[in-house]
Structure formats: C-alpha cells, structure tokens
Amino acid sequence: MIPPSLSIDNQDAGQNSPPAILAVRSDEAELPEQTTVIFNRGTGSLNVELLDTDVNDTLQVRVFVGYTFDDPKPQRATCTAPPISNAKRTATCDLTALCTVDDVMRSATAPLSMSVVVFDRIPLESGTPAFQAMPEGGLSTNRFFFLKCTEM
Amino acid sequence: MPEGPPARCATSDDCDRSHGEVCEEGVCWGNPPAGPFAAVVSPPSERGNELISRELLELLIPDHGWIGDVALEEPVTYGARLSALCPALTDCSNLAVGATITLTRPSLFPGGPGFRTEIEVAPGTDQFKLTVPRTRPSDTAYTVSLVPAGRNDPSQGPNSAAALLPPKRFELRVPDTTTGKVIEVGAEKLAILEGTLTMASQGLKDYRVVALGRWEERASLTEVSTVAYTSSTGRFTLRLSADVVGAVEIVAKPFGDSSGLPTLHIANVPNSGATGRALAMPPLGNRIEVAIPVTRINGSGALGPVEGARVIVTGGLGNAQSPSFTTFSTEATTGSDGVARLKLFDNAAFADTYRLSIVPPAGSESGVVFEEPFDLAKVGQPRPPLPARTALRGMVRDAGGAPLAGVGVTVRPSLRFQWSLPDGPQAFLTSIPAGTTVTPDTGEYVVWVDPLLASTFGTYDLFFEPRQAADTKIAAPALLRTDYELPRDSATVVTVPDIVLPEPAFIHGRITTPGGVPVEGAELKVFRVVGDASLCTQVSNAPASCPIPATVLGRAPSDNNGTVRFTLPR
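Chains as they are written, first to last, in my numbering: chain A, 389 to 540; chain B, 140 to 709.
What the hints contain is simulated information worked out from the structure, not anything from laboratory work.
Just so it is clear, the structure is predicted and the values come from calculations on it, not from any experiment.
All C-beta atoms, glycine included, are put in the ideal place defined by N, C-alpha and C.
Among the hints, erroneous ones may be present.
[Claimed, not checked] If you want a taste of the chain A side facing chain B, the calculated C-beta under 8 angstroms gives, among others: (1) N444; (2) A479; (3) T488; (4) E539.
Construct all of the structure, not just a fragment, from the sequences and the given hints.
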C-alpha cells in the first residue's frame with residue numbers, strides 16, 4: 389500500500405478556495421450585514437476587507453442594486469484587489485454611481501436591496517446569471533444590505 | 140512583535156532620526172507629512188451598543204509617529220415613544236404609529252462624514268432607543284427626520300398613519316441618556332391638499348400621491364406630506380407637514396394596474412393648502428413594445444451587441460409653469476443580444492417628447508448617449524453604434540521611479556465636472572459607473588472616460604490605490620489626483636503624465652474604550668482637511684451645502700491589541 393502524499397499541492401492544481409468578505413466599511417463606519425445602509429447620491433466609497441487563501445487570485449468586487457435572477461441588473465460599482473502574498477487584502481470601490489435619482493425617491497419609503505459580491509475570477513461578459521457568471525471553477529461570496537439613497 | 144511590517148530597520152540609527160523617525164518592530168516610524176489632519180475612529184459593528192464613533196477635529200501626529208491612545212466614545216441613548224396627534228374630529232385612539240427615524244449631524248471638520256443613524260420603530264412599539272454620541276455644549280444639534288411607517292403600502296386606509304400623519308423634522312440635543320420622552324407625530328390642524336387625477340375625463344386609480352417640498356431653503360426635495368392611494372374616483376387628500384418651507388409639488392406615481400403610465404405633477408402649490416387641484420393625463424395612444432438595439436464597434440472594427448447597457452427613454456408634456464405636467468421614464472437593460480425592450484406610448488404629441496439615453500456597462504470602451512431625440516417611426520432601422528470613449532493612459536511609478544504593479548486605478552467625474560452641469564445631466568453623469576483597472580508589471584494603465592456631456596468637457600479624478608507591499612501588512616498610501624482636464628479636441632487617447640506614488644510615512648497608535656481598554660476591529664481614518672472651497676464659487680450648480688469631501692489619506696483596522704498601523708503620503 390502506498391501512503392498518500394502529505395505535501396501541499398501547488399496553487400494552480402489545488403482546489404480553489406472561496407473568497408470571503410471580512411468587513412464592509414463606508415466612509416463613516418463598518419456596515420453590519422442585512423442592515424439598512426445610507427449613501428448620498430453621487431459620492432462616497434466602500435472599503436471591502438477580503439480574505440482568500442489563494443493568494444494568487446485577483447479578487448473582483450462588484451456592488452449590485454436591485455439585482456434579482458428574474459431581473460438582473462449590471463453592477464453599479466466595481467473594484468479589484470490584486471494578488472498579494474497575504475490572504476487578507478482590501479479594495480476601495482467608488483460609489484459615485486451607486487444611487488440614481490429614482491433610487492432616492494424609491495428608497496425613501498422602502499429600502500432597496502444591495503449586494504456586495506466578491507468573485508475570485510473575472511466575471512464573464514455574458515452568461516448566466518447575468519453579470520455574475522464566472523469561468524468554471526470560479527467562486528463568489530456576497531454580503532447583503534438594505535440600501536437607502538439620499539441627496540446631499 | 141506584530142506579524143508583517145517590513146524589516147526596514149534594526150535600530151533607530153537605520154532611520155531618519157533627524158526627522159524624528161524611530162525604529163520599532165523593524166519599521167522606521169514617524170516623519171509624518173505636514174498637517175493638519177482630522178480623523179474618525181469607529182467601533183467594530185458588533186460593539187455598536189457600547190461604543191460609538193468619534194470625530195477628531197485635529198489629530199496630532201508627533202515626529203516619532205506614535206499617536207498614542209485614541210479613545211472611542213461611550214454613546215448616550217434617547218428613549219422615547221411615538222404618539223399620534225390626529226386631525227380634529229378624527230378618532231385615532233387605536234392608531235399604532237411606526238416610523239423610520241433618521242438622525243444626522245454635520246461633521247466637526249469640513250468635508251468630514253459627520254454622524255448619521257437610522258432606526259425603524261415598528262408600529263405599536265412602546266419604547267425605542269436612539270443610540271448616539273453625546274451632544275456637548277459646543278456641538279451642533281441632531282437633525283431628526285421622522286417618516287411614519289406604511290407609506291408604501293397601498294392597502295393602508297384613510298385612517299392609517301400614512302394617511303393622517305405627515306413626516307416631521309426637528310432638532311434634538313442629547314447631552315445625556317434620557318428615557319420616557321414622547322415624540323408627537325401629526326397635528327390637529329394641518330394644511331390640506333385635495334384634488335383629482337383623471338384620464339379621458341375618468342378618475343384615475345392606482346396612483347400614489349404625495350407632496351414634495353423642502354425642510355429648509357435650497358435643501359433637496361423630499362416627501363413632506365401624508366400619502367394617498369387613488370381609487371377609481373381618482374380623488375386624493377394630503378396633509379402637509381407644518382415644518383415645510385416654501386411651495387410644494389404634488390407628485391402622483393403609478394403602481395398596480397397603472398404601472399407604466401406617466402407620472403403626474405403640479406408644481407408651485409402653496410404650503411397653506413389647496414383644493415380642487417386637477418391632474419389630467421394627456422392622450423397617450425397605444426402602449427407598444429419597442430426593441431432598441433445597442434451596438435458598438437469592437438477592437439477589430441466589427442459591429443457587435445452591447446450586453447448590460449441601461450437604456451432609458453424619457454419624455455413628458457408641460458412644465459412647472461403649466462397647470463399640471465407629466466413626466467415619463469422607462470428603462471431596460473440590454474440582454475446578450477444587445478437589445479433592450481421597452482414599452483412606450485405611440486400618441487404623436489407625446490412620442491415627440493421622447494429622449495433616449497444609454498449607459499454602457501462599467502469598464503466599457505463605448506461611451507454614453509444622453510437625451511438624444513428618439514423617433515418612434517425609426518424603430519427597426521439600424522442605430523449608430525455607441526460613441527467611442529476616450530482612453531486615459533499612463534504609468535504608475537514608485538517613489539524611486541520604478542513601474543508599480545498591482546495599483547488599482549479608478550477614474551470618476553470630478554466635482555468640477557459634476558457641478559458644472561445642470562441638474563438633469565449632473566444626475567445622469569453620476570449614474571455612470573466609474574472605470575477601474577489594475578496595473579500590470581509594467582505599471583501601465585488605461586481607463587475609459589466620456590469626453591463630454593451636454594456640451595461640457597469632462598474633468599476627472601484619478602484614484603490610485605496600491606496593493607500592500609509583499610513584505611508588509613500596512614497598506615501603502617493611496618493618491619488622489621483631482622481635476623484632470625481632458626484636452627478640448629477629438630483625441631481618443633490621452634496620455635496622463637506619469638504618476639509617482641509618494642513615499643509612505645509609517646504611523647501607529649492604539650484604539651481604546653473611554654476607559655483605556657484596547658479595542659480590536661475598530662477603524663481609524665485620517666483625513667486631509669479641505670482648505671480650499673474656491674471650487675464652490677467657480678461652478679454653476681453645486682449643491683447648497685457644497686460638500687467637498689475631505690480626502691482619506693490613511694485608514695486601518697485595529698489588531699487584537701487595539702493597535703492601528705497605517706501610512707500617510709509624504
């Protein structure tokens with residue numbers, strides 16, 4: 389009987405580990421998941437603290453508003469955390485386009501849905517689910533919030 | 140010894156002692172750039188009940204780079220219940236009032252984030268608590284906005300909180316923890332707005348009617364009345380908040396069976412009340428589905444579909460000076476075939492007002508279309524491809540001049556660009572997702588921007604965020620280059636002068652409770668205070684408060700000893 393190798397496989401041939409979102413922070417404070425978060429239209433940023441033990445993966449963060457599988461909408465914000473020799477990293481997403489004028493009025497009475505999704509592969513330009521499809525083997529994780537948009 | 144910091148020194152002799160640098164943990168700390176700096180320290184979200192964020196008007200950074208203990212604040216609470224004060228002759232003794240309550244307070248320093256919190260008070264809640272930083276004698280009061288619950292529920296009847304109690308706004312100081320307060324919502328006597336919605340002389344049902352107004356001069360429009368949902372009579376009654384400043388606008392938006400119809404408006408309604416107001420729908424014709432293809436010319440010169448583009452058609456008849464006016468807006472996203480399918484009305488007079496706008500997906504090399512005349516008669520004919528964007532290309536180097544890989548580059552419209560545009564184009568500009576990329580080993584980058592909008596040439600901000608160096612867990616300083624002005628020509632490629640990221644100054648400190656106990660998972664943000672507000676006088680359409688945000692120079696979470704380590708650009 390041949391004993392199994394106990395050495396760690398190399399990164400490319402190993403199984404992909406999912407990325408994780410450790411914290412999402414606005415310009416004001418950390419945003420607890422599934423709470424209502426408030427952003428002014430046309431301004432702001434989101435700092436996302438990420439963890440991926442596949443240190444060579446480029447992590448893509450996308451922010452979606454009102455995304456459903458029945459009515460998928462493209463991301464409102466994007467940012468990238470390039471590979472580093474550290475499992476933890478951060479990325480800052482510009483939120484200029486997070487809220488539209490309509491969102492301000494609509495969310496005044498009922499908050500919108502907002503998802504911060506991190507992908508460990510660059511999402512495909514087409515495929516299902518729209519705007520979130522990845523090449524085979526890609527993994528993603530998300531954090532969900534209720535979004536309220538306000539005017540400055 | 141924390142893990143991570145770069146082994147840059149063994150003793151302080153390896154550091155720039157003449158500028159105060161000190162070697163600790165293998166890092167030369169100190170020699171900060173010139174201030175002044177402001178800061179915000181915020182607790183981890185799971186400790187939000189016992190600790191609260193705090194603004195520091197001035198963060199002193201000694202030459203040795205140790206800022207000492209930065210204490211979070213203990214919050215105070217404001218305990219209260221809501222009480223309905225109903226219009227005369229209305230029995231609302233059984234009315235369970237709920238509300239969304241938002242507290243805001245401007246920042247202590249120009250451009251800072253300030254404080255904002257929001258809670259939902261469920262109908263019938265006996266007591267609720269607002270958790271906020273203590274109001275000190277020199278502090279500005281909180282502005283409280285209270286919006287009664289149920290305003291988005293058409294099944295709420297005429298005796299509901301949504302129909303009887305308008306939103307309320309007031310100021311509040313919370314110098315200490317308080318309980319047992321009562322917040323009265325509504326009033327016995329409020330200005331009434333009454334009217335009817337009609338379509339072809341018949342009452343128009345399934346419209347949500349509300350008045351928009353301002354809480355103070357030059358503030359943005361917000362809902363300032365109760366809400367009415369029309370039945371087949373089309374009649375509505377609104378009660379206006381007593382705190383409104385100036386005239387209001389009645390806005391009726393469709394829902395349910397009326398979804399897809401235009402929005403109806405009456406502007407300049409006095410806040411003292413009005414009766415017999417008529418909002419009449421103009422002739423619309425038939426509702427037809429229209430397929431709008433969106434194409435682009437790709438890198439090889441071939442025409443191809445654009446997936447994920449927002450296609451918006453707007454229109455409407457009349458204006459704020461008319462007795463009433465309509466606005467119409469519908470949008471769809473292009474599918475994998477590059478086609479957006481929208482439902483439009485074909486009445487000639489109404490259709491003549493249509494304008495087409497297109498926002499391509501984030502990162503697209505194709506540009507936007509803004510309020511282009513849209514001719515229903517030409518549907519089905521080939522549309523021109525989206526215009527090309529301008530490529531901003533350049534190179535990022537480190538302080539030694541070497542190309543820098545892994546730098547996140549984000550380009551966004553500058554405040555100068557945004558605030559040079561009227562409201563409509565400004566809102567459109569800020570709905571365009573920012574372009575981003577990451578530099579490869581060569582340090583080069585290309586990001587795509589729209590060269591102009593509504594005949595105004597673009598100026599853009601470029602934000603460079605380096606990845607952490609391989610041997611450190613302290614983020615290198617980011618750089619914001621503001622107001623990059625595009626050349627006034629038809630160049631499709633613009634070369635930006637090389638960006639040299641500044642040398643980092645390493646700074647550290649400790650975040651604690653008010654009692655001096657270290658706090659893990661808190662965050663310290665250091666801002667450069669905005670000193671120059673001249674932009675506000677140079678542009679034509681800045682918001683009333685002209686909020687130029689302070690630039691975040693450094694930010695870091697605290698480790699399990701409460702220690703924060705961050706860099707500032709020299």
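Against the structure, the hints come out as follows:
{"no.": "1", "hint": "N444", "result": "violated, 12 angstroms"}
{"no.": "2", "hint": "A479", "result": "holds, 7 angstroms"}
{"no.": "3", "hint": "T488", "result": "holds, 5 angstroms"}
{"no.": "4", "hint": "E539", "result": "holds, 4 angstroms"}
Of the hints listed earlier, the one the structure fails to meet is number 1.
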